[in-house]
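Chains as they are written, first to last, in our numbering: chain A, 4 to 296; chain B, 15 to 481.
These are computed hints drawn from the structure, not numbers from a lab. Hints may be right or wrong, so weigh each one.
Stated by the list, open to error - Once the Cα atoms are required to be at most 20 Å apart in a straight line, the calculated EDC-like pairs of lysine to aspartate or glutamate come out as:
hint, chain 1, residue 1, chain 2, residue 2
1, B, Lys-304, A, Asp-45
2, B, Lys-320, A, Glu-67
3, B, Lys-235, B, Glu-191
4, B, Lys-304, B, Glu-285
5, B, Lys-320, A, Asp-140
6, B, Lys-304, A, Asp-135
7, B, Lys-471, A, Asp-66
8, B, Lys-459, A, Asp-157
9, B, Lys-169, B, Asp-408
10, B, Lys-187, A, Asp-148
11, B, Lys-459, A, Asp-140
12, B, Lys-304, A, Asp-140
13, B, Lys-373, B, Asp-389
14, B, Lys-471, A, Asp-140
15, B, Lys-169, B, Glu-191
16, B, Lys-304, A, Glu-67
17, B, Lys-459, A, Glu-191
18, B, Lys-105, B, Glu-322
19, B, Lys-299, A, Asp-157
20, B, Lys-471, A, Asp-135
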Amino acid sequence: MIGHPPGEPRRVAYLFVLPAFLVYAAFLLYPIGRAVHLSLYDWDGLSLGRWVGLANYAAIVADEGLRAAFGHALVLMAFYALAPLAIGLTLAAILNHAKVRGLGFFRTVVFLPQVVAMVVVAVAWRRVYAPDGTLNDLLGAVGLDSLTRGWLGDYTFALPAVGVVGTWFETGLVTVLLLAGMSRVPTELYEAARLDGASALREFFAVTLPSVRGEIAVALTLTVIAALRTFDLVYITTRGGPGDSTSVPSYEIYHRAFGLGQVGSAAAIGVTLTVAIFAISFVINRFADRGMS
Amino acid sequence: MIASTRKVWLRNPRHARTRAAIAAGLVALAASACAPGSAAPPAASPAQPGASAVRTDAAALGNVTLTIWDQEVRGGQDAQMKQLNAAFEAKYPNIRLKRLSRSFDDLNTTLRLALSGNEPPDVVQANNGRPQMGAFVKAGHLRPLDAYADAYGWKKRYPRSVLQYVSYSADGKVFGEGNLYGLPQAGEVVGILYNTAKLTKLGLRPPETWEEFQAALAKAKAAGEVPIQLGNLDKWPGIHVFGTVQGRHVPADQITKLAFGRKGASWNTPENTRAAGQLVDWVDKGYFNKGFNGQGYDPAWQAFSKGEGVFLIGGTWLIADLEKAMGKDLGFILPPGTTEAAAPVATGGTGLPFAITAKSPNPDAAAAYLDFIADADAMKVLTANGLLPIADTDRQSVKAGAQQDMFTAFGTATKQDGLVPYLDYATPTFADTLGAAVQDLLAEKSTPQEFLATLEKDYQAFAESNE
Numbered sequence: 004m005i006g007h008p009p010g011e012p013r014r015v016a017y018l019f020v021l022p023a024f025l026v027y028a029a030f031l032l033y034p035i036g037r038a039v040h041l042s043l044y045d046w047d048g049l050s051l052g053r054w055v056g057l058a059n060y061a062a063i064v065a066d067e068g069l070r071a072a073f074g075h076a077l078v079l080m081a082f083y084a085l086a087p088l089a090i091g092l093t094l095a096a097i098l099n100h101a102k103v104r105g106l107g108f109f110r111t112v113v114f115l116p117q118v119v120a121m122v123v124v125a126v127a128w129r130r131v132y133a134p135d136g137t138l139n140d141l142l143g144a145v146g147l148d149s150l151t152r153g154w155l156g157d158y159t160f161a162l163p164a165v166g167v168v169g170t171w172f173e174t175g176l177v178t179v180l181l182l183a184g185m186s187r188v189p190t191e192l193y194e195a196a197r198l199d200g201a202s203a204l205r206e207f208f209a210v211t212l213p214s215v216r217g218e219i220a221v222a223l224t225l226t227v228i229a230a231l232r233t234f235d236l237v238y239i240t241t242r243g244g245p246g247d248s249t250s251v252p253s254y255e256i257y258h259r260a261f262g263l264g265q266v267g268s269a270a271a272i273g274v275t276l277t278v279a280i281f282a283i284s285f286v287i288n289r290f291a292d293r294g295m296s
Numbered sequence: 015m016i017a018s019t020r021k022v023w024l025r026n027p028r029h030a031r032t033r034a035a036i037a038a039g040l041v042a043l044a045a046s047a048c049a050p051g052s053a054a055p056p057a058a059s060p061a062q063p064g065a066s067a068v069r070t071d072a073a074a075l076g077n078v079t080l081t082i083w084d085q086e087v088r089g090g091q092d093a094q095m096k097q098l099n100a101a102f103e104a105k106y107p108n109i110r111l112k113r114l115s116r117s118f119d120d121l122n123t124t125l126r127l128a129l130s131g132n133e134p135p136d137v138v139q140a141n142n143g144r145p146q147m148g149a150f151v152k153a154g155h156l157r158p159l160d161a162y163a164d165a166y167g168w169k170k171r172y173p174r175s176v177l178q179y180v181s182y183s184a185d186g187k188v189f190g191e192g193n194l195y196g197l198p199q200a201g202e203v204v205g206i207l208y209n210t211a212k213l214t215k216l217g218l219r220p221p222e223t224w225e226e227f228q229a230a231l232a233k234a235k236a237a238g239e240v241p242i243q244l245g246n247l248d249k250w251p252g253i254h255v256f257g258t259v260q261g262r263h264v265p266a267d268q269i270t271k272l273a274f275g276r277k278g279a280s281w282n283t284p285e286n287t288r289a290a291g292q293l294v295d296w297v298d299k300g301y302f303n304k305g306f307n308g309q310g311y312d313p314a315w316q317a318f319s320k321g322e323g324v325f326l327i328g329g330t331w332l333i334a335d336l337e338k339a340m341g342k343d344l345g346f347i348l349p350p351g352t353t354e355a356a357a358p359v360a361t362g363g364t365g366l367p368f369a370i371t372a373k374s375p376n377p378d379a380a381a382a383y384l385d386f387i388a389d390a391d392a393m394k395v396l397t398a399n400g401l402l403p404i405a406d407t408d409r410q411s412v413k414a415g416a417q418q419d420m421f422t423a424f425g426t427a428t429k430q431d432g433l434v435p436y437l438d439y440a441t442p443t444f445a446d447t448l449g450a451a452v453q454d455l456l457a458e459k460s461t462p463q464e465f466l467a468t469l470e471k472d473y474q475a476f477a478e479s480n481e
């Protein structure tokens, strides 16, 4: 091995990576390749598949129902990512700034939804939204009877209702992430800002927000991905209904592959969704990196 | 050594063409040679043994192990299965049963993979419709049972309106005719459940005609009761409500044709329009509970059991649980006809049929098992466990009440061939299409014409492509 300066990558190093790579290839790369392969066929999962080229992808663009499903995923992104970010920033800023007593307790409380399995969350919220459920009881108690309805069966409110569950679920994660970021901000910065006569609001925008840019990027990446791959929530609460007003790509994938036997179409949606998730997380992180430097 | 050879090969421009060729070859291989499903058996159905080739003496088959996948997981279902399996093993000590029981949904999602494998289970419970049994028949994964049916006399025991639910043409294209691919144990029929106490309070009797039923709905509404309890959040329950109304407006043979996805029928008929119109009319008159599209199926029938609602359109599968809660207050009738003497028409069919896989090495033993769990003694075991046996319903003795109503109703419907298939059987995607369309119709998001146009589109597209 003479001739290599110390520290230069050597080909033998690949041997050390090989075992991990093989596992990675067998459980991730191969399945992805296989999914791409399947997406080019019209296959029912049982008999011989028929090569259809990109027809499954063309169908995603042409099929109104599928386009709508991707549209619903975008709406859910607002509920899963943007709303928790707004609420999380506010909550974290208050908790951090006010030096609240029992901060640990509040942190635990806001984080609790994350600990519960999504299926359990969905079953519970289904009861909350039922025509004779908690939400309508509350509305009735404050004299808003006219607003009561079967929330998950209402064409206007079903998708927002599903989205609110996502907001409730993700807010804790975002808050805790941001709190961690804010606690790392050097107090000198705040002192300096205060000496300059900055208000609390000014302080937030001038000091806090730029300091947690990295955490915001992480939070957005996680929540946006969660929004795009929403499955369990829709599966349990509405099965895509009423009509098709809450169908999302992940639900379509499951439904087509296992329910209808349209494996090729399901694979095509899956590949499209994967690409979309890659693209969006790429954009978010690019944006964050540029801000950091 | 290996690493250095590879290095040279990768770097050497002389090998570039070889690498390109290999890459192209791999792509071509991926594109053609290993098409998905190429390991599956040819779509032709396996040769049918003649009746003489069938061995019905299970004791003489030597030592055999049968693997059975079923979805009889709930209370009485599981109890009857355990009881019958134990009796079978006691009678034929040479046959060992390996039972794997999973919930309906779990079985649904795993059966496809299991059947396309090299060692599928011997006996599986496969759902009748096109997405399951139809697809399995088409792919050649199930064994036609006609020779066994002849040998064991199944076709004499089961009425035609029952056998059609387990019949497909050998290529899987025609549903309702052709070879026999499964044997069901239990029966199902969708009818009208009612609360006797409420009816008495309203001064009414169980309706005997469709007119009387609607008059009862109006009276219930006027008295401040919920006339029909419905929970349609899960999308499919509304299908049964529409099917029930449709049965009173559309000739039974037309419904059957539509539900089996045969060519030559149409949803765009005056009769279907009237049926859809009547349903909308019921919504307008407030015959359903508020927010029914946002109410779950289970909470709905539970609410009915607690006295919210005079009627509930539902299947016989609800009766055991409802009777536990309501006792004598529960009644069950077939959807009444235009006159008292009108022929019965009701959505109904079979519990999930048991089928034999094409690759099973022990079809004779499997057929003996099928016969055993569906013979006259087995039907008694089903009855004792609170279930509705598919045959010999009139030979069972049950105490008066909703369970007896159910036996009478099912007996009447099957004997007069009054069962019409579940509408969602029609095409592989019809459950979805119809479920969503009924939600739209009930929410008045679509008119009866638009509703029928949606159904027609799905139905015709399939009927055309299925030629």
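Next item on the list: Hint by hint, work out which the structure violates, then give me just those numbers in ascending order.
Entry: Failing hints, ascending: 1, 2, 3, 4, 10, 11, 13, 14, 16, 17, 18 and 20.
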